[in-house]
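Model the full assembly from the supplied sequences, consistent with the hints where possible.
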Amino acid sequence: MFFHWLEKNPFFFASAISIVISFAGLIEIVPNFAKAAQPLVDMKPRSVLELAGKNVYMKDNCNTCHSQMIRPFKSETDRYGDYSLSGEYAYDRPFLWGSKRTGPDLHRVGNYRTTDWHENHMLNPSEIVPGSIMPAYKHQFSNLADIETAYAEAVTVKNAFHTPYGDEFQGTRAAWEAHKPKVLADAAAIAADMKNQDVKDAVARGEVPEIVALIAYLNSLK
Amino acid sequence: MQSNAALEYDYSLAKKFTFLTILFGILGMLVGTLIAAQMAFPELNYLLGEYGTFSRLRPIHTNTVVFGFTVSGVFATWFYVGQRVLKVSMAESKFLMFIGNLQFWLYFVGALLATISLFFGFSTAKEYAEYEWPFDVVVVLVWVLWGVSMMGLIGIRREKALYISVWYYLACFLGIAMLYLFNNMSIPTYFATEGLGSVWHSVSMYSGTNDALVQWWYGHNAVAFAFTVPIIAMSYYFLPKESGQAIYSYKLSLLSFWGLMFVYLWAGSHHLLWSTVPDWMQTMGSAFSIVLILPSWGSAINMLLTMKGEWNQLTDNPLIKFMVLASTFYMLSTIEGPIQAIKSVNAIAHFTDWIPGHVHDGVLGWVVFMIMAAIFHMAPRMFKRELYSKKMMEQQFWLQTTAVVLYFTSMWIAGITQGMMWRAVDEYGNLMFSFIDTVTVLHPYYTIRAVAGVLYVTGFVMFAYNIYKTMTVGKVLSQEPQFRTPMA
Amino acid sequence: MDIRELQGYASFFMTIFLVIMLYGYIIHLYRSEKKGERDYEKYGNIALDDEVTSTPVEDKPASQRDYKEENK
Numbered sequence: 001m002f003f004h005w006l007e008k009n010p011f012f013f014a015s016a017i018s019i020v021i022s023f024a025g026l027i028e029i030v031p032n033f034a035k036a037a038q039p040l041v042d043m044k045p046r047s048v049l050e051l052a053g054k055n056v057y058m059k060d061n062c063n064t065c066h067s068q069m070i071r072p073f074k075s076e077t078d079r080y081g082d083y084s085l086s087g088e089y090a091y092d093r094p095f096l097w098g099s100k101r102t103g104p105d106l107h108r109v110g111n112y113r114t115t116d117w118h119e120n121h122m123l124n125p126s127e128i129v130p131g132s133i134m135p136a137y138k139h140q141f142s143n144l145a146d147i148e149t150a151y152a153e154a155v156t157v158k159n160a161f162h163t164p165y166g167d168e169f170q171g172t173r174a175a176w177e178a179h180k181p182k183v184l185a186d187a188a189a190i191a192a193d194m195k196n197q198d199v200k201d202a203v204a205r206g207e208v209p210e211i212v213a214l215i216a217y218l219n220s221l222k
Numbered sequence: 001m002q003s004n005a006a007l008e009y010d011y012s013l014a015k016k017f018t019f020l021t022i023l024f025g026i027l028g029m030l031v032g033t034l035i036a037a038q039m040a041f042p043e044l045n046y047l048l049g050e051y052g053t054f055s056r057l058r059p060i061h062t063n064t065v066v067f068g069f070t071v072s073g074v075f076a077t078w079f080y081v082g083q084r085v086l087k088v089s090m091a092e093s094k095f096l097m098f099i100g101n102l103q104f105w106l107y108f109v110g111a112l113l114a115t116i117s118l119f120f121g122f123s124t125a126k127e128y129a130e131y132e133w134p135f136d137v138v139v140v141l142v143w144v145l146w147g148v149s150m151m152g153l154i155g156i157r158r159e160k161a162l163y164i165s166v167w168y169y170l171a172c173f174l175g176i177a178m179l180y181l182f183n184n185m186s187i188p189t190y191f192a193t194e195g196l197g198s199v200w201h202s203v204s205m206y207s208g209t210n211d212a213l214v215q216w217w218y219g220h221n222a223v224a225f226a227f228t229v230p231i232i233a234m235s236y237y238f239l240p241k242e243s244g245q246a247i248y249s250y251k252l253s254l255l256s257f258w259g260l261m262f263v264y265l266w267a268g269s270h271h272l273l274w275s276t277v278p279d280w281m282q283t284m285g286s287a288f289s290i291v292l293i294l295p296s297w298g299s300a301i302n303m304l305l306t307m308k309g310e311w312n313q314l315t316d317n318p319l320i321k322f323m324v325l326a327s328t329f330y331m332l333s334t335i336e337g338p339i340q341a342i343k344s345v346n347a348i349a350h351f352t353d354w355i356p357g358h359v360h361d362g363v364l365g366w367v368v369f370m371i372m373a374a375i376f377h378m379a380p381r382m383f384k385r386e387l388y389s390k391k392m393m394e395q396q397f398w399l400q401t402t403a404v405v406l407y408f409t410s411m412w413i414a415g416i417t418q419g420m421m422w423r424a425v426d427e428y429g430n431l432m433f434s435f436i437d438t439v440t441v442l443h444p445y446y447t448i449r450a451v452a453g454v455l456y457v458t459g460f461v462m463f464a465y466n467i468y469k470t471m472t473v474g475k476v477l478s479q480e481p482q483f484r485t486p487m488a
Numbered sequence: 001m002d003i004r005e006l007q008g009y010a011s012f013f014m015t016i017f018l019v020i021m022l023y024g025y026i027i028h029l030y031r032s033e034k035k036g037e038r039d040y041e042k043y044g045n046i047a048l049d050d051e052v053t054s055t056p057v058e059d060k061p062a063s064q065r066d067y068k069e070e071n072k
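Residue numbers (our numbering), protein chains in the order written: chain U, 1 to 222; chain A, 1 to 488; chain D, 1 to 72.
Just so you know, the hints here were simulated from the structure itself, not pulled from any lab data. Please note: incorrect hints may appear among the correct ones.
[As the list claims (entries may be wrong)] With a cut-off of at most 20 angstroms between alpha-carbon atoms, the simulated PhoX-like pairs for lysine-lysine come out as follows: (1) LYS74(U) - LYS343(A); (2) LYS100(U) - LYS343(A); (3) LYS390(A) - LYS475(A); (4) LYS8(U) - LYS251(A).
In structure tokens:
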């Protein structure tokens with residue numbers, strides 16, 4: 001009998017389990033891949049500084065408390081702005097939707113918060129929002145963001161997934177050195193709106209504190 | 001076997017993994033309690049500078065509890081149960097012993113380093129898959145080694161029929177292997193360029209909505225194959241063995257097995273209801289979550305009915321109490337989960353504290369209770385000594401049961417309160433509460449939850465102490481007990 | 001036929017196939033017990049009597065002989 005045979009043969013038994021458990025993935029996930037990865041029309045991938053900011057966001061796991069997914073309910077669109085569309089995430093690796101809103105959603109935070117607001121808030125959240133239980137992130141003002149890794153990431157996704165970065169994005173050190181002034185100029189533009197002198201000094205020296213990259217990223221969330 | 005010496009089961013690996021279970025258990029639960037307290041008292045975020053914020057510690061809590069505590073417990077019980085139900089000793093194969101020890105050390109060192117890496121912020125930011133790619137490689141190696149030793153042991157078995165627990169351990173192995181591999185697919189950026197930037201960093205192979213689908217197909221089913229499947233394996237062995245009663249219906253256990261295998265994987269998309277994944281997938285996830293009640297309750301009822309006619313054991317054997325309570329919590333959380341997966345309920349429950357509440361009545365009530373019961377059962381056999389204190393077990397039981405009840409009730413209230421406040425509108429249709437109002441209102445519930453955490457950790461430390469005392473000063477047993485675990 | 005349609009058919013037929021398999025399995029379990037070919041409940045004893053020296057519920061070499069006979 002087939003079933004007897006299956007129960008007594010560990011190898012075929014294991015294969016049977018594998019088939020049964022992979023069924024859902026095959027039907028549900030795989031066929032959707034090509035379709036769901038389409039970006040919105042004219043959507044640009046993030047700049048290197050913004051990518052570095054995204055990596056700061058990941059390093060401090062902001063996504064454990066903040067979602068980036070506005071659901072199609074009036075109460076959410078009133079509070080956070082237009083509901084999220086699949087295409088908006090097409091260049092997000094990884095997705096940062098989050099699963100818990102200990103703090104508010106951030107998917108369109110760039111529309112209603114400024115560089116200045118973020119600077120004050122990250123230094124002392126409960127001063128800006130009384131009653132806030134968010135910790136302060138003072139270390140982001142002294143730690144430096146890893147812009148080189150962010151550049152490597154941009155090149156990687158360009159080569160592997162055809163994310164539309166320009167031709168100047170090449171995986172060589174020379175190409176990175178050529179691109180670096182652009183990143184520093186972006187950082188200087190953010191730092192110009194900030195008032196922390198240490199941050200300004202660092203940017204003037206050609207360094208990018210984490211907070212600058214993070215704010216660039218948060219401002220890009222629109 | 002040519003040796004003339006009497007053949008015995010070799011518990012050395014079970015012992016080693018038992019120590020790790022306790023070590024990672026204490027570590028994971030301490031961090032969990034700390035982050036619970038941080039939500040009530042934010043000043044606690046600054047104990048360790050940048051390394052002590054909620055956001056850095058939360059992945060350490062989840063990963064240590066899943067991949068440290070639970071997986072150690074699964075390994076410990078496998079190296080005990082596996083031998084016994086296959087009626088073959090690990091000592092019969094030097095090769096398998098070698099592989100087992102290699103697995104242990106690789107796992108121990110890997111888990112410690114991975115935990116440290118999270119402290120320093122090396123994170124892929126995918127929940128329960130935060131380890132960066134070098135640690136993913138270690139996880140895969142450990143898993144392959146476990147597969148080799150499992151298949152090896154099955155290969156040299158005396159008992160031809162595979163007991164139902166072995167089915168579940170096998171499924172745990174295969175399921176985690178598949179899920180972990182696919183979800184953690186990523187490209188290290190250092191190697192994709194001419195060595196630019198950090199060696200540690202990698203970028204996910206999937207983007208946006210696809211990444212979310214793969215992640216929650218993984219996230220949900222990591223719960224299935226780490227927190228459910230191997231724990232059922234344990235209960236199908238330890239409950240019958242401790243009570244001396246065979247499984248109520250072996251046929252039902254086989255049917256529930258296939259039911260669970262088939263249905264569980266579909267339910268992952270219920271984590272993405274109302275998001276940008278296609279509607280039909282959301283509906284599918286919702287529907288299959290409801291269907292999932294059947295195989296889950298099939299197993300749970302089978303466990304409870306195993307005690308039929310022997311309920312008196314519940315009053316005089318604390319170990320039975322642990323296991324029956326575990327099965328009961330399993331029933332509770334497998335009805336709660338499907339309720340949350342109903343789209344209209346999910347609209348309120350998602351993103352709130354009801355979700356951690358649900359996870360914890362499953363994990364604290366079912367997973368940890370079952371693993372502790374398993375270790376209580378194994379200890380006298382492994383160390384050849386009586387359990388140190390029955391009284392302490394009773395106290396621990398009530399302390400931790402109180403803790404679980406406090407935990408999930410406070411989080412139910414907190415979650416529903418916040419979910420309702422987010423959507424509350426006044427007579428003109430304007431939102432009634434600013435976001436911060438919905439945070440400050442939760443303070444009492446966060447405080448209760450932190451207290452529950454303290455109680456639970458205290459109970460777990462009592463458990464660790466009890467096992468330690470059993471090892472060192474428990475009354476020596478002249479022969480291995482057959483069913484009921486002897487305790488002083 | 002686009003991928004969506006294919007997906008729909010695949011899902012539908014696979015579900016039917018698996019439902020048939022599951023019911024087939026249930027029927028198999030009860031029928032083989034009724035006909036006395038196999039007593040599933042005795043496997044429950046594997047956990048109860050699990051000393052390394054105790055007699056296996058189904059001995060490996062012996063049952064491999066059964067297996068051949070069954071498949072004649």
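Consistency of the hints with the structure:
no. : hint                  : in the structure
1   : LYS74(U) - LYS343(A)  : holds (16 angstroms)
2   : LYS100(U) - LYS343(A) : holds (17 angstroms)
3   : LYS390(A) - LYS475(A) : holds (13 angstroms)
4   : LYS8(U) - LYS251(A)   : holds (16 angstroms)
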